[in-house]
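J.: Take a look at the letters that make up each chain.
Number of protein chains: 2
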Amino acid sequence: MKYVYLFSEGNSGMKNLLGGKGANLAEMTNLGLPVPQGFTVTTEACARYYEDGEVIAADISAQIDEYIGSLEGITGKKFGDAQNPLLVSVRSGARASMPGMMDTILNLGLNDTVAASMAALTGNARFVYDSYRRFIQMFSDVVMEQSKAEYEKLITALKAEKGVKLDTELTTEDLKQLVGQFKALYKQGQGADFPADPKTQLLEAIKAVFRSWNNPRAIVYRRMNDIPGSWGTAVNVQSMVFGNMGEDSGTGVAFTRNPATGEKKLYGEFLMNAQGEDVVAGIRTPQSIDQLAQVMPAVFTQFSDIAHKLEQHYRDMQDMEFTIEKGTLYMLQTRNGKRTAPAALKVAVDMVAEGLCSKEDVILKVDPKQLDTLLHPQFEPKALKAAKPIAAGLPASPGAGCGRVYFTAEKAVVEAKNGPVLLIRQETSPEDIEGMYAAQGILTARGGMTSHAAVVARGMGTCCVAGCGEITVSEETESLTVAGQTLKAGDYMSIDGSTGKVYIGQIPTVEATVTGDFATFMSWADEIRTLRVRTNADTPNDAAHAVKFGAEGIGLTRTEHMFFDADRILPMRQMIVAKDEATRRVALDKLLPMQRGDFEGIFKAMGERPVTIRLLDPPLHEFLPQKEEDIAALARELGITAAALKTTIENLHEFNPMMGHRGCRLAVSYPEIAEIQTRAIIEAALNVQKETGLTIVPEIMIPLVGDVNEMKFVKGVITTTADKIIAAAGVKLVYKVGTMIEIPRAALTADEIAKEAEFFSFGTNDLTQMTFGFSRDDAGKFLDDYYARKIYESDPFAKLDQIGVGKLVKLAAELGRKTRPDIKLGICGEHGGDPSSVEFCHFAGLNYVSCSPFRVPIARLAAAQARVSELRGGGDLGQK
Amino acid sequence: MKYVYLFSEGNSGMKNLLGGKGANLAEMTNLGLPVPQGFTVTTEACARYYEDGEVIAADISAQIDEYIGSLEGITGKKFGDAQNPLLVSVRSGARASMPGMMDTILNLGLNDTVAASMAALTGNARFVYDSYRRFIQMFSDVVMEQSKAEYEKLITALKAEKGVKLDTELTTEDLKQLVGQFKALYKQGQGADFPADPKTQLLEAIKAVFRSWNNPRAIVYRRMNDIPGSWGTAVNVQSMVFGNMGEDSGTGVAFTRNPATGEKKLYGEFLMNAQGEDVVAGIRTPQSIDQLAQVMPAVFTQFSDIAHKLEQHYRDMQDMEFTIEKGTLYMLQTRNGKRTAPAALKVAVDMVAEGLCSKEDVILKVDPKQLDTLLHPQFEPKALKAAKPIAAGLPASPGAGCGRVYFTAEKAVVEAKNGPVLLIRQETSPEDIEGMYAAQGILTARGGMTSHAAVVARGMGTCCVAGCGEITVSEETESLTVAGQTLKAGDYMSIDGSTGKVYIGQIPTVEATVTGDFATFMSWADEIRTLRVRTNADTPNDAAHAVKFGAEGIGLTRTEHMFFDADRILPMRQMIVAKDEATRRVALDKLLPMQRGDFEGIFKAMGERPVTIRLLDPPLHEFLPQKEEDIAALARELGITAAALKTTIENLHEFNPMMGHRGCRLAVSYPEIAEIQTRAIIEAALNVQKETGLTIVPEIMIPLVGDVNEMKFVKGVITTTADKIIAAAGVKLVYKVGTMIEIPRAALTADEIAKEAEFFSFGTNDLTQMTFGFSRDDAGKFLDDYYARKIYESDPFAKLDQIGVGKLVKLAAELGRKTRPDIKLGICGEHGGDPSSVEFCHFAGLNYVSCSPFRVPIARLAAAQARVSELRGGGDLGQK
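Quick note, the sequences are listed as chains A and B, same order.
Heads up, the first sequence is in our numbering, so the first residue is 30 and it goes up one at a time.
Heads up, the second sequence is in our numbering, so the first residue is 30 and it goes up one at a time.
Derived from the structure by calculation, the hints contain no laboratory data.
Glycine residues also receive a C-beta, built at the ideal position from the N, C-alpha and C atoms.
Where hints are given, some of them may not hold.
Computed spacing ranges between beta-carbons, pair by pair [as the list claims (entries may be wrong)]:
1) A:K761 x B:A221: 40 to 46 Å
2) A:K517 x B:K608: 28 to 34 Å
3) A:D813 x B:A673: 19 to 25 Å
4) A:E439 x B:A673: 20 to 26 Å
5) A:M623 x B:A87: 47 to 53 Å
6) B:K819 x A:I598: 33 to 39 Å
7) B:K765 x A:E460: 41 to 47 Å
8) B:K608 x A:E460: 56 to 62 Å
9) A:K761 x B:E181: 54 to 60 Å
10) B:A672 x A:E460: 32 to 38 Å
11) B:V763 x A:Y343: 56 to 62 Å
12) A:L900 x B:Y79: 49 to 55 Å
13) A:D813 x B:Y79: 53 to 59 Å
14) A:P257 x B:K608: 31 to 37 Å
Here are some chain B residues pointing at chain A (derived, C-beta under 10 Å) [said to hold, decoys possible]:
15) H690
16) E781
17) D806
18) K836
Using the sequences and the accompanying hints, generate a full structural model.
T.: Structure representation (structure tokens):
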């Protein structure tokens, strides 16, 4: 088994084995670009590492040894050699890009001997000892988990002692002294000397990268981005080049196009006399890439050519890292660049116009989840005009954010449960990832457009203003000061990630629309996809909104929310406390005209698009009060005694309401409820048909069916009622009766149920609960333990569990079609708006997905991507 | 399609089509026995009747017409003919015997003209008008649902007017007058004349029998006896013979062996000058069948010969009905006789000894559910000796019953929820069926050994004392008087169904044992069966008891019940309120020795039989108090504030505890619980091995697994703990780790889970709840509606749902074996003791079923029956 590959042995098609970074380094090597050579330890070696109980097996370490030899041959340098020492960087590189999630070690191979001879050889002792102290610091932090901060304290102390401000002001002797102090601190922390042997350093570093695959922030990132824990990471060992060898050296990052806007123009930053971490960490403020044309014109031209070549080669916008060592350009990395949603759309539309990509190509290049940013509210223009910005930073990730400010990730996570929050940080670090995810927006005082905060926020689609130097953040007192004003935790601010402007107080927001590049792109998605996209909407407003976002029908109208309105809750309650059918009917008759009105509004909003309406689903006790005083008040209103009402409420109490008297079970006990709802639907359809001349085809959906006999019984109530009304009206009205498949038994007996049901809509929320046997309301108590122990990698309520729940969906689809080949199949759980779940639905052969209005464009794109995958022979089920 | 068969066209193999009664009438006809001829309208006609919306289709009524013609040809009589009129009986007859559940009409064909001419022809006007009035009464009751009681009032009034006591004292003229009054009453009730046309009478009667298939008592009976509603009933139309034509006529019922004891001796009763209903209804007290030898010796000899012939032919004990008309014997019915469990066993053992049947044959002849009677307590002999019977009745169904007395079926049903009840009735009627089912015993003041109460009680395995004339029952005042004492509803009595004795007060009871015929029979079952039978037992006592009943191991030891003991609940609660692992461990360490002691006791009781122990399963809040004062008391005991304890309890509150933080989810959050339980199990096994020299192989079962990663994690905790203890002990101990399959996802991903699990035990209680999506605790609220609307026919918690839940079981078995061919598969839900579910498990290829101790013999027999079915090529899955 081959566990190690030279860069020259790989190519960009080997991402699964070499990781993204390794595969691209190999590809660049093949393209003849200036890449410092090295080798990649494969993801399979990472898997072996975990299988073997977190050790590197002898056969793997032997291969690493062998490849060090090869690399020494290629570079003409030797590990630990005093004459011509080989230094390497060690970097993680997973199959999917996980920026900042795992660890990097630079300058590996240094020890006292090597440092001394390098100082002599390069004539640049300052650079050598600066590199050495960085190495010790990174090795301690990454490999030994000894905090970097302890080392930083020594630097701060030394600078104070020397009376200087910048690291660069420290002399060679200062740095030598620091190396000594660092080694002492290491020994103190570890109880052993800093390892001088480069091969020992390397093996430990590789193990540390493997371990970092399972650090908490990597686990969280994977959960958020649907990356399986089983993939593992590769490790890239690359010979070092130095951007910190003086003023003819430097390092930078750049994109072939603007990642915020999509504009076709080289975009990026560099720092002279610095190592890569200085740029990414956002500690010094770098120069724009344009300025490199002034600083080093030949290097700039060479870099521009390489950038163009890479974009043409990969047919996608590239995100590149480079280093200039004494005037020579080296490429350290290229990858498809992360970008904002508007940039992604502009790049996609432009690349088709440029003839670089086909429509199908670009459909695959936009992450559906990212569209979310475009679909969320922006500031209300008038309110925005009236608002005065108090400060401005870099427009790092577009969109409007407004909320209460918090200064730690932990607080942001907690408070986000009580409404929108903004996370305010000096600068973010990978530890902040959960807080960033919970926040509506992120504001940092330091860092550039490629700082951690900016990169991660763009990836998440969360708005971000970065490097806003005008604000002073105190994490200790949990406050910020800006323009002489102090804001405490919980105060309101608003930030605009598209302009970089920052406001005190709340600014109202407005809905997004689909226009321009977005509209063009979505029209291509619609051309390609075969899966239909409907929406879940309970009101005419929601319905109209969803139509604007491209909804082709309603997959789920919940009727219960309608009963909570002030004018309806009383008759609803009268219905519930009724002791017999006659009294129940009196109350239901009061609800009839209101409910009919609701449906008329929805039918009008949807026109001839199909509308699925679900009969009453929740247990009746949800409609009754629980508090003593509310019960007393309601009893007076209902004209019964409080004691009688209390008895009713007690009788309705359930041990497990999720599995109680709800769904079609209500219609079995009280057929008159189904009857009145049917009456409201059919009468509304007839009225709207008459008024508009449109053909309305209502789809009546029976919830929670588990047995064909339930379906048969409730369908009987519906058809008897509907047919009588239609016959009396003397006009034609076609309606359909179907069911939710949300109980495992319904899926298992779908062949039987399809005898009665004209359509199935998979209610994957409940189906997930029943299949997993846990209640969504209660699972919060233990799911964190599950993530911590890596038992689950993603939330099955957010991403459809394809192995378990998906098996039931496929089974039901198959059985349903066996009985009724033209049965219409859809999904109306919240999974309907999750891209990976949409892909699943496409391959499972469903007819449509239904999701909340603002996820409709996401589902449309995901459906198109699934279709392109299918046409290209990929995307098989169960592979994810 | 042929819907009607002459008796001569059928045979005993056609039960599905002709019903049991029809098939046996056909068989007796073929055997040349004296059977009044007739025809059978098939069960398929019944199905058509319901399909067509409760009407008899023209093609069916045409066939009925045609067969009336055939019957007229055979008998030489004609429907409605004044010279030689044909009278018929109309009786229901389903595939399975449902005694008293459906309706019968005798003397059909009578009208004024026919009656007058018959009176002249027979010279017995009294008999004719008696028959006529009976016919009007039955037709009104059965066909028109006009109560029989209204008619009885007219008889009572007439008797009073005439100053007579017995019906037989009424004269011909009296009866003629009664016929007139009856017809007037009919017209008053129905608004139309009593139908004079015999064909109209017949069609209405047939429809009434079809309708009676779905009367409430028939539905209840079917649910209790697993008879599908889809079967329908056949209708037998048979030419009448009359047992009420004078003192040379009579009617009776008899068994070829004693149905109470199994003794090989003709057993039965007859009444001279009576119709069949008089015997069955128990209104007049009949003579023993022996006495027929004195009354009509030739008829007795002929009958004895026929009885012997039938038993040899059917190779089973027969239950026969006969009528003697003017000295001529007619056979009206034969069927395999219902019998008590001791009788069933004696008959089985005897018939093998007689060479009449093989062991396999008799295995199929005993209903496993019936063994229940033998396994329930009997009176404690000493207490019984000391007790003085206050009265005695017929020993109608054996076993001891003790409880509070109630006088209506409704009250008995309600009160049975609060402890054992006895149902006391003047005489029972089919309407009492649910009350009889709920009661521990049944006591009637009237009726014989073949009265309704006796037949039904024997079928149910409930003890019954019938015809206890010494007690006077008043349903109005809800009391009884016996020997001068009056007992009110709720007072205690005890009855002995084996001796007929009745006691005031409570008599303690003792457990049953397996000896004699029972033991012989069970040894045959054990020889034949391949499915193993284990028990669910949580204590050494239960375990020892189950071993006596033949348990081959323990399939489920629940550990949670152990923690409710007075000395354990406090440390358990300390464990629950602990805020960190260290405090939790302190409490757990207190529980360790107690739990170890429990397991030592169980291992000793079971010897080398396998013992499966399940780790803690219920949500922790079940161990904490809910009431204000209990919380305060516990807080003092725990040394914390009541407020703190309340917060803990509130935090543990769950919306759906069934789907909450329980099962292996507890072990994921608190691995130390699994660790301590493992320690207790392994240490106990080591101790018992050392002490006894036996080889103990504990099976540790992880509950509620839904994902292989849960299994892997908890198994890791178990094996790490166990292996350390075993290594330290330095002896050999083999243990197994497996899981419950009780969550649908576990079944769906059983191939994955089997990678880690060495055995699966299907927890069909929870699996049924999750698969159906309803909570057993809450389903009571709507299941009655489901039965009423015929959506469900049986309780899925009592009888395994083979279509839905069964599909998951089969799937999991298949997937599990694919991964691990030698995986051990069992079932430990309550279904493990239900015969039809045991049969399912046999055919699904499980290794064992596990059930409560007193159901072990039932499961052993059911397993043997399944094996015999299989050997005989029947019993395919999903057929039931």
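J.: All hints, please: hold or fail.
T.: Quick rundown of the hints versus the structure:
The hinted window of 40 to 46 Å between K761 of chain A and A221 of chain B holds, with their beta carbons roughly 42 Å apart. With their beta carbons about 31 Å apart, K517 of chain A and K608 of chain B fall inside the hinted range of 28 to 34 Å. For the pair D813 of chain A and A673 of chain B, the beta carbons lie near 23 Å from each other, so the given range of 19 to 25 Å is met. Take E439 of chain A and A673 of chain B: their Cβ atoms lie about 24 Å apart, and the range 20 to 26 Å holds.
Take M623 of chain A and A87 of chain B: their Cβ atoms lie about 49 Å apart, and the range 47 to 53 Å holds. K819 of chain B and I598 of chain A have their C-beta atoms about 35 Å apart, which keeps the hinted 33 to 39 Å range intact. Against the hinted window of 41 to 47 Å, the Cβ-Cβ separation of K765 of chain B and E460 of chain A comes to about 43 Å, which satisfies the hint. Here the CB-CB span from K608 of chain B to E460 of chain A is close to 25 Å, at odds with the stated 56 to 62 Å.
A hinted range of 54 to 60 Å for the beta carbons of K761 of chain A and E181 of chain B is consistent with their spacing of about 58 Å. The hinted range of 32 to 38 Å is satisfied by A672 of chain B and E460 of chain A, whose Cβ atoms lie roughly 35 Å apart. Restraint check, V763 of chain B to Y343 of chain A: a C-beta distance of roughly 58 Å satisfies the suggested window 56 to 62 Å. For the pair L900 of chain A and Y79 of chain B, the beta carbons lie near 52 Å from each other, so the given range of 49 to 55 Å is met.
The hinted window of 53 to 59 Å between D813 of chain A and Y79 of chain B holds, with their beta carbons roughly 55 Å apart. For the pair P257 of chain A and K608 of chain B, the supplied restraint of 31 to 37 Å holds, since their beta-carbon distance comes to about 35 Å. A distance limit of 10 Å between C-beta atoms decides the matter here; for H690 of chain B the minimum to chain A is near 5 Å, and the interface restraint holds. A cut of 10 Å between beta carbons decides the hint on E781 of chain B: the least distance to chain A is about 8 Å, and the hint holds.
Against a cut-off of 10 Å between C-beta atoms, the interface hint on D806 of chain B holds, since the closest Cβ of chain A lies about 4 Å away. Checking K836 of chain B against chain A: minimum C-beta separation of about 5 Å stays under 10 Å; hint holds.
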